[in-house]
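Construct the complete structure from the given sequences, taking the supplied hints into account.
Heads up: the protein sequence lines correspond to chains A and B, in order. The first sequence begins at 1 in the working numbering and counts up by one. The second sequence begins at 1001 in the working numbering and counts up by one.
Only true hints are included.
Derived, one-sided and incomplete: chain B residues facing chain A with beta-carbon distance under 8 Å:
(1) Gly1118
(2) Leu1161
(3) Arg1325
No farther apart than 30 Å at their CA atoms in a straight line, the calculated lysine-lysine pairs in the DSS-like style are these:
(4) Lys75/A <-> Lys1309/B
(5) Lys46/A <-> Lys1251/B
(6) Lys1321/B <-> Lys190/A
(7) Lys1141/B <-> Lys75/A
(8) Lys1190/B <-> Lys190/A
(9) Lys251/A <-> Lys1046/B
(10) Lys1046/B <-> Lys138/A
(11) Lys383/A <-> Lys449/A
(12) Lys321/A <-> Lys1046/B
(13) Lys1046/B <-> Lys141/A
(14) Lys1321/B <-> Lys75/A
(15) Lys46/A <-> Lys1321/B
Not the full set, but computed from the structure, chain A residues with beta-carbon under 7 Å of chain B:
(16) Val47
(17) His95
(18) Leu106
(19) Thr115
(20) Tyr117
(21) Cys153
(22) Ser156
(23) Asp223
(24) Thr298
(25) Gly299
(26) Gly316
(27) Cys328
(28) Phe331
(29) Asn336
(30) Ile337
(31) Ala338
In case anyone wonders, no lab produced these hints; they're calculated from the structure. Since this is a predicted model, take the numbers as computed values, not measurements. Note that CB positions come from ideal geometry on N, CA and C, so glycine has one too.
Protein chains: 2
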Amino acid sequence: MSLHPPSSRFCMPHAASSRHPKLSLPRVICNATSENNKARLGHCTKVPRNVTMESLRNGYLFPEILIREAEHNEKYPHAKLIKLGIGDTTQPIPHIITSAMAQKALALSTDIGYTGYGDEQGNRDLREAIANVVYKDKGVKWDEVFVSDGAQCDISRLRMLLGSGVTIAVQDPTFPAYVDSSIIVGQAGKFLEETGKFQNIVYMRCCPENDFFPDLTTTPRTDVIFFCSPNNPTGAAASRPQLERLVEFAKANGSIILHDSAYASYISDDSPRSIFEIPGANEVAVEISSFSKFAGFTGVRLGWAVVPKELRYSNGFPIIKDFNRIVCTCFNGSSNIAQAGGLACLSSDGHQALCRSIDYYHENADIIMDAFASLGFKVYGGKNAPYAWVQFPGRSSWEVFDEILERAHVVTVPGAGFGPGGEGYIRVSAFGRRECMLEAARRLKYLLK
Amino acid sequence: MSLHPPSSRFCMPHAASSRHPKLSLPRVICNATSENNKARLGHCTKVPRNVTMESLRNGYLFPEILIREAEHNEKYPHAKLIKLGIGDTTQPIPHIITSAMAQKALALSTDIGYTGYGDEQGNRDLREAIANVVYKDKGVKWDEVFVSDGAQCDISRLRMLLGSGVTIAVQDPTFPAYVDSSIIVGQAGKFLEETGKFQNIVYMRCCPENDFFPDLTTTPRTDVIFFCSPNNPTGAAASRPQLERLVEFAKANGSIILHDSAYASYISDDSPRSIFEIPGANEVAVEISSFSKFAGFTGVRLGWAVVPKELRYSNGFPIIKDFNRIVCTCFNGSSNIAQAGGLACLSSDGHQALCRSIDYYHENADIIMDAFASLGFKVYGGKNAPYAWVQFPGRSSWEVFDEILERAHVVTVPGAGFGPGGEGYIRVSAFGRRECMLEAARRLKYLLK
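This is the structure:
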């Protein structure tokens, strides 16, 4: 690599302020137990720290990146950072959708338009729209759709539902919230430094050699299989035959697939957009999804989960009943204003307007993919997801991350943050303004040539 | 009691549709394990049901009430139901607040106004406003405030944080989410039919005889003390000396108080509005609160938690660090539009406008309190909370609930739903339109005289 820090000073889609300002806490020795230490700290409760929280590795990946980003900003206050790290949408939301939200907000000031608590499961009109538009001809019923405040929150609720007694498998690399939420509920077991894996989690390797689809013939049975398609971080969408094999595998093993389709709207080929396109999936799968990347709702907060009535525990009890109970007890429904926006997203005009944003991000992805490809790098993803997954064989991904940040002022995500299978890769997001993508491509070409 | 069902047919603040339509599920024997049963059901996974989910009693209280309400609606399709059950706000939100939300929504359609992910902890301006306005002179710093989607969600996140290894105490009667979330994380132990209590939970009796404040001299030490003031359901606000005793008790025992101040804005005397008015509380307490009842945001979804930096586990580790991690891993922040509304609530004009709604509900409470008092019933609460807590000595509260529903078409909440200490009481909500309160008072007087 060779690069002189670029002198150009533009492209700051976000204010420079850190999303995660560091907590200014008194310096504390984590496992301080000596009376001396405690006396220095002042009062300590007698409440033990939850051992599962102690098992969490470092910070959560994205906050960790933001901390490094903030440190970089401090070091180079005048550098124009380009953020292709966190997959954060940048295109404005079509007016037809925001005006529906504005109208709902204003209606809350009127006697006729005011509403208080909605159904915890979401408004029926939105649940019906999701069933009828997103799941058209896929056999999903409106009362199997639970509207949420986003897929990440649903992952956590599903982990709470299933408890610490279930075994899980994740793709490797994988979106970190699946692993971290499993650690928190006490399922993951011990972290093994030598493998970079948690003892009780099955890691299903996904790499170019297996077309980013796990070798199910060697995958041990687990109760739960987290499966994200199109995949974050690799960008790979499972094909129909692949998903059929996965459903068959789950059925044979009595497993539950937790299918994350948050990026389904980015699929540009004939890969299934939902696990429920596969016959029999309703007996083995839950699907979580989101308006975040589909509609630019990362800040508005809206998603959903589909829990089919046919999905049952080993004792025959329907899982939907327990999920409903979790939603009623641990959640109180999504914001009514966000739900009005969700409904507008699924209208014909709303949907059409959103397709233009998705096309825009696809074009961004092409720019990034081309930049790396033109330099001779192997780059994956991009076609069915807004992420490029770039291979740096034999290199530490945090080292590559740091180097690109330090020298090109471009933020990416180190593959190792997604698990041991991500080592040697970085994830580059296609979310961003066009001019930033072009400038990032220019800097990267200069750095990497 | 004597009552002919009233013939008047008005007062339906909400549409008659059920907030909780019953799931139309195939009939299933819960613990069906025989092969015969399973064959009838079709495919069952081999995933065991989480034993903690099996421990949950019946439905969650409020969904259970809504089911009975829906059944009542079916039985009396022309009766005009008055809903004084679930504490659901009915007054429109002041325009100054909804217009701030509408503006934020519309700004999301512009290049300059679009924002994606916010800080998981909430926008800094809102965190500062909460610290400066709600906690003025109470020593709470902005970065100790975590904006949320409501107190109920925070309860669940706090339970997830603390895990199943901690012991808890609740007021009895108590808001059910404290107990139910403890059951879900596996802390509550066995339910004992003979006492109506969970084995591992300490129930702190709160009743007229002890001024609704627990006798701490006989309360065993627990790791966590859930304390709600002003209380839901009893309506009692703890006085300053009482809260001082509670803080002292927690400090001596090394306990953490989870203080729920969701109804603080209803305090009309000099009771503390926050646990942080008590010196030393920052070393022993977390406070959760909400815009729901303060601003009519039950459907908009916005709340907060305050976790002081001085609050530590037994090993000296600051709890705020783990809470921050939970918020980043299991939550992705509140809706940016709701947050814009929250900021407007805390502006001088917004706050003033909201006081008028609170006065309105206080006047409603007076009407309900007077109706019961004039009939010779002992009635508590009302003054510092929007709930009347009415005593029916020696009677089953579900029976009283059913009778009032059946004969007066008025929905209340049976005290027993809040724990064994609620038996013999009903909770009557003061949320509702004035004409409904007057009509409810008329019907109740007729029924109960």
